[in-house]
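Number of protein chains: 2
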Amino acid sequence: MKFISTKDNLLYAIQTVQKAVSPKSLLPILSGILFKAYDNTLIVRATDLELGIECFLPVKVIETGEIVLPSKYIIDIIRRLPDTVIEFESNDYLNSITIKYKNSQANIHGFAADEFPMLPPLNDGFTFLISTSIFKKMLRQTIFATGTDENRPVFTGIHFQILEQEFKMVATDTHRLAMITEHLPLIKQELPGIIVPGKTLSELLKILNSTQDEEIKITVTENQIFFLLNEINIISRLIKGQYPNYHHVIPKDIIAKIKIKLSDFIQSVERASLLSSSISQHIRIDCENSDFIVISSNNEAGHIYEEIPVFFEGEALQIYFNSKYLMDALKAVDSEEIYLELSGPINPCLLRTEDRNYLSILLPVRP
Amino acid sequence: MKFISTKDNLLYAIQTVQKAVSPKSLLPILSGILFKAYDNTLIVRATDLELGIECFLPVKVIETGEIVLPSKYIIDIIRRLPDTVIEFESNDYLNSITIKYKNSQANIHGFAADEFPMLPPLNDGFTFLISTSIFKKMLRQTIFATGTDENRPVFTGIHFQILEQEFKMVATDTHRLAMITEHLPLIKQELPGIIVPGKTLSELLKILNSTQDEEIKITVTENQIFFLLNEINIISRLIKGQYPNYHHVIPKDIIAKIKIKLSDFIQSVERASLLSSSISQHIRIDCENSDFIVISSNNEAGHIYEEIPVFFEGEALQIYFNSKYLMDALKAVDSEEIYLELSGPINPCLLRTEDRNYLSILLPVRP
Numbered sequence: 009m010k011f012i013s014t015k016d017n018l019l020y021a022i023q024t025v026q027k028a029v030s031p032k033s034l035l036p037i038l039s040g041i042l043f044k045a046y047d048n049t050l051i052v053r054a055t056d057l058e059l060g061i062e063c064f065l066p067v068k069v070i071e072t073g074e075i076v077l078p079s080k081y082i083i084d085i086i087r088r089l090p091d092t093v094i095e096f097e098s099n100d101y102l103n104s105i106t107i108k109y110k111n112s113q114a115n116i117h118g119f120a121a122d123e124f125p126m127l128p129p130l131n132d133g134f135t136f137l138i139s140t141s142i143f144k145k146m147l148r149q150t151i152f153a154t155g156t157d158e159n160r161p162v163f164t165g166i167h168f169q170i171l172e173q174e175f176k177m178v179a180t181d182t183h184r185l186a187m188i189t190e191h192l193p194l195i196k197q198e199l200p201g202i203i204v205p206g207k208t209l210s211e212l213l214k215i216l217n218s219t220q221d222e223e224i225k226i227t228v229t230e231n232q233i234f235f236l237l238n239e240i241n242i243i244s245r246l247i248k249g250q251y252p253n254y255h256h257v258i259p260k261d262i263i264a265k266i267k268i269k270l271s272d273f274i275q276s277v278e279r280a281s282l283l284s285s286s287i288s289q290h291i292r293i294d295c296e297n298s299d300f301i302v303i304s305s306n307n308e309a310g311h312i313y314e315e316i317p318v319f320f321e322g323e324a325l326q327i328y329f330n331s332k333y334l335m336d337a338l339k340a341v342d343s344e345e346i347y348l349e350l351s352g353p354i355n356p357c358l359l360r361t362e363d364r365n366y367l368s369i370l371l372p373v374r375p
Numbered sequence: 009m010k011f012i013s014t015k016d017n018l019l020y021a022i023q024t025v026q027k028a029v030s031p032k033s034l035l036p037i038l039s040g041i042l043f044k045a046y047d048n049t050l051i052v053r054a055t056d057l058e059l060g061i062e063c064f065l066p067v068k069v070i071e072t073g074e075i076v077l078p079s080k081y082i083i084d085i086i087r088r089l090p091d092t093v094i095e096f097e098s099n100d101y102l103n104s105i106t107i108k109y110k111n112s113q114a115n116i117h118g119f120a121a122d123e124f125p126m127l128p129p130l131n132d133g134f135t136f137l138i139s140t141s142i143f144k145k146m147l148r149q150t151i152f153a154t155g156t157d158e159n160r161p162v163f164t165g166i167h168f169q170i171l172e173q174e175f176k177m178v179a180t181d182t183h184r185l186a187m188i189t190e191h192l193p194l195i196k197q198e199l200p201g202i203i204v205p206g207k208t209l210s211e212l213l214k215i216l217n218s219t220q221d222e223e224i225k226i227t228v229t230e231n232q233i234f235f236l237l238n239e240i241n242i243i244s245r246l247i248k249g250q251y252p253n254y255h256h257v258i259p260k261d262i263i264a265k266i267k268i269k270l271s272d273f274i275q276s277v278e279r280a281s282l283l284s285s286s287i288s289q290h291i292r293i294d295c296e297n298s299d300f301i302v303i304s305s306n307n308e309a310g311h312i313y314e315e316i317p318v319f320f321e322g323e324a325l326q327i328y329f330n331s332k333y334l335m336d337a338l339k340a341v342d343s344e345e346i347y348l349e350l351s352g353p354i355n356p357c358l359l360r361t362e363d364r365n366y367l368s369i370l371l372p373v374r375p
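So the protein sequences, as listed, match chains A and B.
Counted from 1, the first sequence has number 265 at position 257 by the working numbering; the numbering is strictly sequential.
Counted from 1, the second sequence has number 302 at position 294 by the working numbering; the numbering is strictly sequential.
Any given hint might turn out to be false.
When the alpha-carbon atoms are kept at most 25 Å apart in a straight line, the in silico DSS-like pairs for lysine-lysine are as follows [unchecked claim]:
no.	chain 1	residue 1	chain 2	residue 2
1	B	K196	B	K27
2	A	K260	A	K248
3	A	K339	A	K144
4	B	K80	A	K110
5	B	K339	B	K214
6	A	K269	B	K110
7	B	K339	A	K110
8	A	K332	B	K80
9	B	K176	A	K269
10	A	K110	B	K15
11	B	K110	B	K27
12	A	K339	B	K269
13	B	K339	A	K15
14	A	K269	B	K267
15	A	K196	A	K214
16	A	K44	A	K32
17	B	K108	A	K108
18	A	K68	A	K32
19	A	K80	B	K32
20	B	K110	A	K339
21	A	K176	A	K144
22	A	K108	A	K144
23	A	K15	B	K80
24	B	K110	B	K145
25	A	K267	B	K110
26	B	K32	B	K110
Derived by calculation from the structure, the hints in this document are not laboratory data.
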């Protein structure tokens, strides 16, 4: 293999696929990145067997071929190369590559590419297009509520469902739940319900934040999901299992409603959390029949009392939250005002936007 | 004590003095910051008994007084206050303070101020003024060579000396040495030689980077050094002991001289260090009687070969350096070109600027 590329293009591709590298894998080759040159295109690819990312780059190919190079070294070296034309030439007998720049060169040992796992082929499946900005917003507003416990895999993913042109994402770790619905009038088919790994979506979100693509093409097959951008493909396994029936946790017997300015609420909760106990992280919200609520907390260092103007209707009550969980839920909201619907001091609390397209549910804690 | 201040002024003062807070001190009060209000001035002060920093702020004082507040909480709370007028009122009986903003308030427990250590008074001593930019440059170019071994305290400081209007700073950890000399024609007296703690100077450098002061007033007494800025005073103990005679380590029998572009050199050493052995961190420099030198390194992952154009005269030789130490020395240099003077493959290497005002000495390592 032999090709010529600029530093910046190559660095972008490597940094993109790096997110799928598995540095601690039992298979050493998975700590590497595949480089495959053909037809004046370079494919740069990494996979940890669950998530695969590949990036397509236009380069000047002098000799086709492929090699796997250790991600740790190749990223650091390419990052520090001068901004000049760089020549890559592999030695297929030694499984090494020579990188030539100016009068200098680096030589890195790699692996034979034929041992590198293939990515699953893109078969026919349920395919739809979605605007990148809508998709990013949906991910941002739900991903915080995914769990991290690998023993309960269904909770580590986001549930995707399309019914009657409504695309719905749901995430829950059982302590909290976030749900967003977007109307997509161009989608005629239905997607019965799949669970996409949170790790995949969090890496995808980072990639989408650094691309210019306006649309993303999504294909769902029996076991995989494919996210196709102009120059980047992301392939992930789906999580198997039955997603819990979340409809019954959405509180219905609302006894108090609060409408509140989101930025005021966030700043007050942030301050109150500074003086919440380091173990329980509890903060207290006092809702009276009046035009403000009080958020308070105390620990050995002192206490904080925050008064925030609200629109309030319903029964007076006191409710305790884990301040970190409450902050996560508030920071995911994308509107100026937020509605809190309370069903009692130890019953689930509903946070929602005015149009109800976004809602999140938070379990209070006991005082 | 009762005063009114804006958030930003107070935050700046607290963040400035925070560098002298001793969070893990056996004396709990030293984890606190002193606030003292009098004459429409607020003094904010912290000390770890070796270094003291105080900041003077114009505030509206309603009632004079003083209190010590735990730095951990007070910094976080003030950082998150709204940008509004803030009222502070202490309760001297409870040793606590109430911070009022909008309709909210925080109450923090503190300590009685009379238990807080006094800073030493500014007695008569050797006093001189120096331009902040020159002083910062001198610190930046030497501080990297100070040691960290508390069992050999003289090596943890920078040696200051003024003789015949030449201000000289020297730092060495015995593996390397950095020395800078500035001509200060306005200083008529002489300073025989003191050792200023590296920690003090590193905090001072951060403070100088965030102030607008053009001059700094330095006073040296028997055991202390005072750095006086417009609104900030920094007081530090001096390190006792005899500074080593460093003159004899400056190499004299030079067998080869190299003139090299600093940025080229730094980039090549940076790349070569990526493939130096993670244990030894050695890189090799080959100097031939030619117009370039070669920097190379290798480890289990591969090898790097860097050719850099130079102006060379003298004997050919191969020399090995610890790449981190070489990088530290190069990054401290403040000129476009650097001169290397070699006295043999295992003898000290001299790095200097053209005017010889700055020099640093680096011990090679054995291959």
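Comparing the hints with the structure gives:
1. Distance check on the hinted pair: B:K196 and B:K27 sit about 33 Å apart at the alpha-carbon level, beyond 25 Å; violated.
2. Note on A:K260 and A:K248: the hinted pairing is violated, with a Cα-Cα distance of about 30 Å set against a maximum of 25 Å.
3. Between the alpha carbons of A:K339 and A:K144 the distance comes to roughly 15 Å, so the proposed pair stays at or under 25 Å and holds.
4. For the given pair, B:K80 sits about 52 Å from A:K110 by alpha-carbon distance, which is inconsistent with the 25 Å threshold.
5. Among the hinted pairs, B:K339 with B:K214 is consistent with the structure: their alpha-carbon atoms are about 18 Å apart, no more than 25 Å.
6. A threshold of 25 Å between alpha carbons decides the hint, and for A:K269 with B:K110 the separation of about 16 Å falls inside it, so the pair holds.
7. Between the alpha carbons of B:K339 and A:K110 the distance comes to roughly 23 Å, so the proposed pair stays at or under 25 Å and holds.
8. With a C-alpha separation of about 19 Å, the suggested pairing of A:K332 with B:K80 holds against the 25 Å cut-off.
9. Between B:K176 and A:K269 the CA atoms are separated by roughly 59 Å; this puts the pair beyond 25 Å, and the hint is violated.
10. With a C-alpha separation of about 53 Å, the suggested pair A:K110 and B:K15 falls outside the 25 Å cut-off, and the hint is violated.
11. The straight-line distance between the Cα atoms of B:K110 and B:K27 is roughly 30 Å, outside the 25 Å bound, and the hint therefore fails.
12. Proximity of A:K339 to B:K269 is assessed by CA-CA distance (about 49 Å); at most 25 Å being required, the pair is judged violated.
13. For the given pair, B:K339 sits about 24 Å from A:K15 by alpha-carbon distance, which is consistent with the 25 Å threshold.
14. Among the hinted pairs, A:K269 with B:K267 is inconsistent with the structure: their alpha-carbon atoms are about 64 Å apart, more than 25 Å.
15. Straight-line distance between C-alpha atoms of A:K196 and A:K214 comes to about 29 Å, which puts the hinted pair past the 25 Å bound.
16. Of the supplied pair hints, the one linking A:K44 and A:K32 holds, its CA atoms being roughly 23 Å apart against a limit of 25 Å.
17. Taking the CA atoms of B:K108 and A:K108, the gap is near 64 Å; set against the 25 Å cutoff, the hint is violated.
18. Under the criterion of a C-alpha separation no larger than 25 Å, the hint pairing A:K68 with A:K32 is inconsistent with the structure, at around 33 Å.
19. A C-alpha spacing of about 37 Å is found between A:K80 and B:K32, which places the hinted pair above 25 Å, so the restraint is violated.
20. With a C-alpha separation of about 23 Å, the suggested pairing of B:K110 with A:K339 holds against the 25 Å cut-off.
21. Restraint check for A:K176 and A:K144: satisfied, since their Cα atoms lie roughly 13 Å apart, inside the 25 Å limit.
22. Taking the CA atoms of A:K108 and A:K144, the gap is near 39 Å; set against the 25 Å cutoff, the hint is violated.
23. For the given pair, A:K15 sits about 45 Å from B:K80 by alpha-carbon distance, which is inconsistent with the 25 Å threshold.
24. Our distance criterion of 25 Å between C-alpha atoms is broken by B:K110 and B:K145, whose separation comes to about 44 Å.
25. Of the supplied pair hints, the one linking A:K267 and B:K110 holds, its CA atoms being roughly 20 Å apart against a limit of 25 Å.
26. The hinted pair formed by B:K32 and B:K110 fails the criterion: a straight-line CA distance of about 34 Å is larger than 25 Å.
Hints 1, 2, 4, 9, 10, 11, 12, 14, 15, 17, 18, 19, 22, 23, 24 and 26, counting from the list given before, are not met by this structure.
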